[in-house]
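Okay, here's what each chain looks like letter by letter:
Protein chains: 2
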Amino acid sequence: MDALEQAKFDEQGLIPAIAQDFATGEVLMFAWMNKKSLLLTIEKQQAVYYSRSRKKLWFKGEESGHTQLIKEIYTDCDNDVILLKVEQVGGIACHTGRKSCFFQKLEYNNWKNTSKVIKDPKDIYG
Amino acid sequence: MDALEQAKFDEQGLIPAIAQDFATGEVLMFAWMNKKSLLLTIEKQQAVYYSRSRKKLWFKGEESGHTQLIKEIYTDCDNDVILLKVEQVGGIACHTGRKSCFFQKLEYNNWKNTSKVIKDPKDIYG
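Line by line, the protein sequences are chains Y and Z. Per numbering that gives the first Met the number 0, the first sequence starts with residue 0, numbered consecutively. Per numbering that gives the first Met the number 0, the second sequence starts with residue 0, numbered consecutively.
Calculated directly from the structure, the hints in this document are not laboratory data. Only a predicted model underlies this, so the values are computations on that prediction, with no experimental measurement involved. Note that the Cβ used here is the ideal one computed from N, Cα and C, for glycine as well. Possibly wrong hints are sitting among the right ones.
[As the list claims (entries may be wrong)] When the alpha-carbon atoms are kept at most 20 Å apart in a straight line, the in silico EDC-like pairs for lysine to aspartate or glutamate are as follows: (1) K84/Z with D119/Y; (2) K7/Y with D79/Y; (3) K84/Y with E25/Z.
[Claimed, not checked] If you want the footprint, here are the derived chain Z segments under chain Y, 3+ residues with CB under 8 Å: (4) 7-15; (5) 31-45; (6) 56-67; (7) 102-110.
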């Protein structure tokens, strides 16, 4: 049985995926994959997710150019989560123009913005 | 509105949570939280998840002693994922006795075990 067959997708046919910066270890984003997107990620060596809101494959960076080049792919002890270690092209993973999507830190019962916008989303998505 | 109210839980009342080693950046595990578990995590400053299989709160480390002490809590750009930066007590997050749950690396279409068991689960869970 190959690796793709061993991955466990949920009742919606999806598996959670975490993207982590290969060099710094920073967690960049969280998204979902279906079987096809995991297959394409492996084949292309670039992150391909599944957009639940748009109900279609999401070729990360197709609009922004901020693709994620695969360095390593892991799964967890239960084969039901994927961890991608990636090189983040452009140094921006987040649609807000920040490096990581996890820029809001809990401080005194508020989410405090801890990182600045590298590039204005208007300039990224035109 | 406080931080807990701003977190977005899905139709099952759950939010994905990623635990990352505060010191090394290693991604340790992925689990789910409901509102109560996120509240308890913040209050106790220890990771509390929600077990979907057991349908109840999961006080991480309650059996194993491998609690996760909270260093920082983040949410993402959409407020619908939680990232915990933790000190992993005992250096073991995974129920298999390994540091991280993400120990299976994709190599030539197979998941290859890349880390060794630190402590036999029989000795952890008795």
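Outcome of the hint check:
Of the supplied pair hints, the one linking K84/Z and D119/Y is violated, its CA atoms being roughly 28 Å apart against a limit of 20 Å. Restraint check: the Cα-Cα separation between K7/Y and D79/Y comes to about 5 Å, which is no more than 20 Å; the hinted pair holds. For a cut-off of 20 Å, the pair hint linking K84/Y to E25/Z stands: about 11 Å separates their Cα positions. Coverage of the segment 7-15 of chain Z by chain Y is violated in this model, with 1 residues showing a Cβ closer than 8 Å to a Cβ of that chain against a need of three.
Residue count for the segment 31-45 of chain Z with a Cβ under 8 Å from a Cβ of chain Y: 1. That is fewer than the three needed, and the coverage hint is violated. With 0 residues carrying a beta carbon less than 8 Å from a beta carbon of chain Y, the segment 56-67 of chain Z misses the three-residue requirement, and the given coverage is violated. Counting residues of the segment 102-110 of chain Z whose beta carbon lies closer than 8 Å to any beta carbon of chain Y gives 7, which meets the minimum of three for the stated coverage.
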